[in-house]
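There are 2 protein chains.
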Amino acid sequence: MGEFGLIELLAKIAGQLKDKSVLIGIGDDAACWRTEACAQLATSDSLIQDVHFTLSTTTWRELGWKALAVNLSDIAAMGGFPQYALVSLGLPGDIEVASVAELYEGMAELARLFDVSIVGGDSVGAPVVILSLAVVGKAQTTQTVLTRSAAAPGDRIAVTGYLGASAAGLAMLKKGLEFDKETAATLREAHLKPHPRIVEGQALARRGVKAAIDLSDGLVSDLNKLCKASGVGARLFTNQIPVHPVVRRSFGDDSIELALSGGEDYELLFTAQGEVIDKVRKAMPCPVTVIGEISAEPKMVEVIDEHGNEVRLEKEGWEHFV
Amino acid sequence: MGEFGLIELLAKIAGQLKDKSVLIGIGDDAACWRTEACAQLATSDSLIQDVHFTLSTTTWRELGWKALAVNLSDIAAMGGFPQYALVSLGLPGDIEVASVAELYEGMAELARLFDVSIVGGDSVGAPVVILSLAVVGKAQTTQTVLTRSAAAPGDRIAVTGYLGASAAGLAMLKKGLEFDKETAATLREAHLKPHPRIVEGQALARRGVKAAIDLSDGLVSDLNKLCKASGVGARLFTNQIPVHPVVRRSFGDDSIELALSGGEDYELLFTAQGEVIDKVRKAMPCPVTVIGEISAEPKMVEVIDEHGNEVRLEKEGWEHFV
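Going line by line, the protein sequences match chains A and B. If you count by our numbering, then the first sequence holds residues 46 to 367, one letter each, in order. If you count by our numbering, then the second sequence holds residues 46 to 367, one letter each, in order.
Keep in mind that the hints were calculated from the coordinates and are not lab data. A hint or two may mislead.
Since copy identity is lost for identical chains, a pair holds within one copy or between any two.
Calculated cross-link-like contacts (lysine to aspartate or glutamate; reagent style EDC-like; alpha-carbon spacing at most 16 Å) [claimed, not checked]: (1) K183 x E81; (2) K57 x E154; (3) K57 x E147; (4) K238 x E107; (5) K273 x E53; (6) K238 x E154; (7) K219 x D95; (8) K238 x E150; (9) K238 x E147; (10) K65 x E81; (11) K183 x D160; (12) K219 x E234.
Build out the structure end to end from the sequences listed, making use of the hints.
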């Protein structure tokens, strides 16, 4: 159908999402929108076939959702409001139009939930499917942006929601593990349709939290990044980790490992003084669990088990190029 | 070196470009900058190995330059000011750090020319090299944005600069054609280090031009897109096309074909009433040539040769997925 047809298809699906700030949407050289004076946020992230997903276990609709979700999660981790998305698509020649339409529908479904306008896109030939998205949004104020570099010794470390279900879902899909229908659906959705914590990130920012990161590579790996950016260390207590109940039930002893280093939960990890976290917990629309504390030294993450012993993790989390 | 090292490398190179509006650059979940009330522009575009370039003829530095240039050219085609760039990189595991550093240096070199801050980036594993960039900028006012849809019957069609040198450079590199040193350098630079017409696009917008597109796929192909978006037709006169003199000298009879359908010249094609174009021509820092006219009917591009006969082009221009 040619590049032109694909862009028209996206324009049609995205057209339903266009808000009144958008002056020029898909189909011109660049998108154009009206903005107020503010602190703007922008992020970009790519999903690449057979690196981040396989078409044998992922539907096109789920893929579209997830490609946008991982970008929205970055905006959530700043406490911001996502507004505009640009979609750069790489496609092998044999992909069917109906598949691309499904992909766009999956994106549009999530975009609609958070009032995100898909304002731009291009499509190019590629040896594998590539989804490169960029999302622009705004912060409430320059003072309320959550950063990786604001953690301080004495802070408690907390996470939203439950951990491990995405990695458990990936293991299920990869190894063909069989579970009852409800468990399988929960794990599949956790891995393929993560819900970015947009509202929660905004609530954290509004209530005085300063430091946060979203959990994409894995709890320990992402906490390490936050510690490195803040110049601090951290102690994590395994018996406080909110392992997803479905994972605990289905994966037994392996579940803590999935929660610590599985990755792609897209929950928010944040740090603040105990009283701030107490306040936050009451106001949040999701569970908030304290799982550790920030320390001045050593500048690394220590994982402590229920007997007070340090645990050595086999795999810290999924890092590319390792 | 791992993803973290690559991002740090980019942060170091990009750090030199950070302007004072940037509150948070590379290394957090999202970039953050302060913006005024304005009409914002955003575009994204990807270059993919063995689709858009080959590493056997392109240096990493040229590749970095070009990946940013094609995005800046989209902002130029809107008459805008590019401000912030996000870089999403896909890399096979065997790429050397020194190569990635060169790539970033090439981007930084061009970014510096136009005061663009590289504010974000991520890198992921990939089967081939993928450069997905997004650029955010601003327009002078909402009234001065150049669009593809503003061409009107009676408008003259004009282009900046000379055409065909990029496609000639590609032909030279692909077929190993030999030319004298100066010719070879000119053609190589035209293909691998295109200069986005930022200043020229701004001048067009300021002087009353309304319709423009940048030449990426080819003169006829891109003019077709502009006509389609504007609901008009066009007549192009081959004897008025400003074929690059070096191409004319080196490619003889083939040079007009390279200029009409070669693509990737990244010049601006624009339309306006004759008197507006006369005014623009005097003010522009580059050659401006009238090459045809916009018509009400038929809704297509007719290419007319020096005898007044319509020319049938073998290949309209390079379209993906054809």
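* Asked: Which numbered conditions among the earlier hints are violated in the structure presented, ordered from lowest to highest?
  -> When the structure is compared with the hints, none of them turns out to be violated.
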